[in-house]
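Trainee: Based on the sequences and whatever the hints tell you, model everything.
Okay, here's what each chain looks like letter by letter:
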Amino acid sequence: MAEAIVKHERHVDLPPPKSEVGIYGWLYHNLFSTWLNVILTVIGLTISGWAIWTILDFAVFGAVWTGEGREACQTESGALIHACWIFIGARFGQFMYGFYPLAERWRVDFSFLLLALAVAPVFLRDEWIRKKIGLAVAVVATLLTLAYGVGPAALTAFMMFAPYGLVYNRLGTILPRSDDNALIGFAVRLAVIVGAGAVGYVLAGAIVGDAEATPIGWMAAFMTFGLVTLNRAGVKAWIVFLLIFIYPFAAFYLWVGTAFGLEYVETSLWGGLFLTLVVAGTGIAVSLPIGIVFALGRRSHMPAVRTVSVAFIEFWRGVPLITVLFMSSVMLPLFLPEGVNFDKLLRALIGVALFSAAYMAEVVRGGLQAIPKGQYEAAGAMGLGYWQMMRLIILPQALKLVIPGIVNTFIGLFKDTTLVLIIGLFDLLGIVQAAATDPKWLGMAVEGYVFTAFVFWIFCFGMSRYSMYIERKLHTGHHR
Amino acid sequence: MAVQPARMKVTNEPMIEINGMHKWYGDFHVLKDINLTVMKGERIVVCGPSGSGKSTMIRCINRLEEHQRGTIIVDGIELTSDLKHIDQVRREVGMVFQHFNLFPHLTVLENLTLAPIWVRKMPKKDADEAAMKYLERVKIPEQASKYPGQLSGGQQQRVAIARSLCMNPKIMLFDEPTSALDPEMIKEVLDVMVDLAKTGMTMICVTHEMGFARTVANRVIFMDEGEIIEENEPEEFFHHPKSDRTKLFLSQILH
Chain A
1 MAEAIVKHER HVDLPPPKSE VGIYGWLYHN LFSTWLNVIL TVIGLTISGW
51 AIWTILDFAV FGAVWTGEGR EACQTESGAL IHACWIFIGA RFGQFMYGFY
101 PLAERWRVDF SFLLLALAVA PVFLRDEWIR KKIGLAVAVV ATLLTLAYGV
151 GPAALTAFMM FAPYGLVYNR LGTILPRSDD NALIGFAVRL AVIVGAGAVG
201 YVLAGAIVGD AEATPIGWMA AFMTFGLVTL NRAGVKAWIV FLLIFIYPFA
251 AFYLWVGTAF GLEYVETSLW GGLFLTLVVA GTGIAVSLPI GIVFALGRRS
301 HMPAVRTVSV AFIEFWRGVP LITVLFMSSV MLPLFLPEGV NFDKLLRALI
351 GVALFSAAYM AEVVRGGLQA IPKGQYEAAG AMGLGYWQMM RLIILPQALK
401 LVIPGIVNTF IGLFKDTTLV LIIGLFDLLG IVQAAATDPK WLGMAVEGYV
451 FTAFVFWIFC FGMSRYSMYI ERKLHTGHHR
Chain B
1001 MAVQPARMKV TNEPMIEING MHKWYGDFHV LKDINLTVMK GERIVVCGPS
1051 GSGKSTMIRC INRLEEHQRG TIIVDGIELT SDLKHIDQVR REVGMVFQHF
1101 NLFPHLTVLE NLTLAPIWVR KMPKKDADEA AMKYLERVKI PEQASKYPGQ
1151 LSGGQQQRVA IARSLCMNPK IMLFDEPTSA LDPEMIKEVL DVMVDLAKTG
1201 MTMICVTHEM GFARTVANRV IFMDEGEIIE ENEPEEFFHH PKSDRTKLFL
1251 SQILH
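Protein chains in written order, with my numbering: chain A, 1 to 480; chain B, 1001 to 1255.
None of these hints come from the bench; they were simulated from the model.
Do not rely on the hints blindly, as some may be mistaken.
What the hints assert, rightly or not - Taking lysine-lysine pairs in the DSS-like style, the calculated list, with each CA pair at most 25 Å apart, reads:
id	chain 1	residue 1	chain 2	residue 2
1	B	Lys1084	B	Lys1133
2	B	Lys1146	B	Lys1170
3	B	Lys1121	B	Lys1084
4	B	Lys1124	A	Lys236
5	B	Lys1121	A	Lys236
6	B	Lys1146	B	Lys1187
7	B	Lys1170	B	Lys1084
8	B	Lys1170	B	Lys1121
9	B	Lys1040	B	Lys1198
10	B	Lys1040	B	Lys1170
11	A	Lys400	B	Lys1146
12	B	Lys1139	A	Lys473
13	B	Lys1146	A	Lys373
14	B	Lys1125	B	Lys1146
15	B	Lys1139	B	Lys1125
16	B	Lys1040	B	Lys1084
17	A	Lys236	B	Lys1146
18	B	Lys1187	B	Lys1139
19	B	Lys1133	B	Lys1170
20	B	Lys1125	A	Lys236
21	A	Lys373	B	Lys1084
22	A	Lys400	A	Lys236
23	A	Lys236	A	Lys473
24	B	Lys1032	B	Lys1247
Said to hold, decoys possible - Stretch-level coverage of chain B by chain A, calculated; a stretch enters the list once three of its residues show a Cβ under 8 Å from a Cβ in chain A:
id	region
25	1079 to 1093
26	1112 to 1126
Computed from a predicted structure; not experimentally measured.
We treat Cβ as the ideally placed atom computed from N, Cα and C, and that holds for glycine.
Mentor: This is the structure:
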């Protein structure tokens, strides 16, 4: 029998060899490891250096930044050699707002400011909000009153009140518990919500004016809905609620007008980046929830639900978006009875939202399929019902898995909004193209397209980076 | 050696009654005429070769699997396709799985409080307190704020047991709780299960841990090809098995 081999001392940890680590290690491994690689590195650096210099010379160093009119960019012979950014400056307002009346453009700014204020707490810590929010609301409200007047300030106060003021309300706990007797609980809540809406409608009609009765009534109803359902929820749940129910109302009345002393602006005047953001924003906001519903539906055990879901998804995925938009603007009115007429933008919005919802449904379904059966079983064995199981266990995991796919769909949707041009809506690209055909600014197409591309890139890159941040934040396992 | 029998009193109150139960997967007859009555406080170990239907049988008790014939009555409630009854039963029956099935996106504490808060409508504060109590009982209170992915297999399974206990179940089902664990972690999980048995919990445990069966069980059930072949007290079962199939099985696992 061989003698046993035993080691009594532990080996010490040694540092890795020099050529493996540090800047020299990196350079050697990646750029200069063989003669062929040295040559390739030199060629690569030369080409990229030349390309970068050419681009910078055209767009930055040689570019014309100030001056009046096209003439300022021309050389003596009349040629346009370098970028002429004064074109962008001269038309900037139009690129941002389309034909939205000059005097009313602050309403668009204001609506996006509201959105920023509503979303801001997502990026803050709960604790901080609780301590400082009173002060912050006061400062913001004062500044907005000074900048935009009393009407919008009131709207802002209302918006701020929804998420922050009501986090600690306990109205829902006073009402009969819905789990003891679901029917009574539901009926009481419904009555309270409808009642609040009606009271809001009547009071607003009497005090503020007829035009304000409808929006205020709806908002009162939605607020009460939040009050009775979201008792135990924290600040973040309120923000989600605010974005889903309150903000669309505020934004709608700001953009369209007709109430709160705001002048009516028809949607055919909307355009530019504003329109792009409206189409993309509604598409993104609406397609995710609808997509989730259809993804769940497609995996349902109920044949009717499954069939409807499959039909919806396959129909919308089967037709090109251009067809959808074209049908919505040209064909749909033919089928509607005389006198019934939807707004063209609204039809486009619905088309875009349903179209991307079908894609979203398939992305989410991919995530659902990746969740092990054991998760369903564990949740079921604990007595969770179907919707609780989905909301608390399955969807949080499934959606996290498919964040890249979801954001991919969002980015695709954002860029597809440019197709609304074919039904006569002037989004950012559309309005830049139109401006480039202006005889006063002939030859500015390149600048226009570069600018458009840059704006789109900022938004898409932003979404991409934010999704990566969210992915990292939601990571809960080992970091390997 | 057996645990103090006085502290593990078996009553005459039936907790689970299975009568003439059959189950098919498509054409495949997985469970054949299962008859089993489990009294309150009883601890039953189910063993048998893989594919014998033991897991399927205990999964029928909380309706993770549907049976097609016969009756199952759990704590006085018959399991039918009535969702209300299923929910009632599931609230009273805890289950521990082979692969733990913890929720990876929630912390250990959140895993424990989820069902009490959403199913039992317990205030969060009370649920947190109860959860910490059970985490202490399975000896890992210090892991409360970690995520399941950061724990070892044995720790995860103990969390899974604590999670089931948080619902204050009357019955605990264990589906091969130690089969996915490394050998050095099996003991820590079995210790927790033995402790639980001492509290008088009604337990059905599918396992091949024969030491555990000897210590804790008051009945051992041997299943093969979808049937209960033999049912006996542990000592008798291990030392004087009656059926040939049991003898063969025991000779294979006891070396």
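Trainee: Hints first: check each against the structure and report whether it holds.
Mentor: Verification of the supplied hints:
no., hint, in the structure
1, Lys1084/B with Lys1133/B, "violated (30 Å)"
2, Lys1146/B with Lys1170/B, "violated (28 Å)"
3, Lys1121/B with Lys1084/B, "holds (17 Å)"
4, Lys1124/B with Lys236/A, "holds (17 Å)"
5, Lys1121/B with Lys236/A, "holds (21 Å)"
6, Lys1146/B with Lys1187/B, "holds (22 Å)"
7, Lys1170/B with Lys1084/B, "holds (18 Å)"
8, Lys1170/B with Lys1121/B, "holds (18 Å)"
9, Lys1040/B with Lys1198/B, "holds (13 Å)"
10, Lys1040/B with Lys1170/B, "holds (8 Å)"
11, Lys400/A with Lys1146/B, "holds (19 Å)"
12, Lys1139/B with Lys473/A, "violated (29 Å)"
13, Lys1146/B with Lys373/A, "holds (23 Å)"
14, Lys1125/B with Lys1146/B, "holds (19 Å)"
15, Lys1139/B with Lys1125/B, "holds (21 Å)"
16, Lys1040/B with Lys1084/B, "holds (23 Å)"
17, Lys236/A with Lys1146/B, "holds (22 Å)"
18, Lys1187/B with Lys1139/B, "holds (13 Å)"
19, Lys1133/B with Lys1170/B, "holds (18 Å)"
20, Lys1125/B with Lys236/A, "holds (20 Å)"
21, Lys373/A with Lys1084/B, "holds (22 Å)"
22, Lys400/A with Lys236/A, "holds (18 Å)"
23, Lys236/A with Lys473/A, "holds (16 Å)"
24, Lys1032/B with Lys1247/B, "holds (21 Å)"
25, 1079 to 1093, "holds (count 4)"
26, 1112 to 1126, "holds (count 6)"
Hint compliance for this structure: hints 1, 2, 12 are broken, all remaining hints hold.
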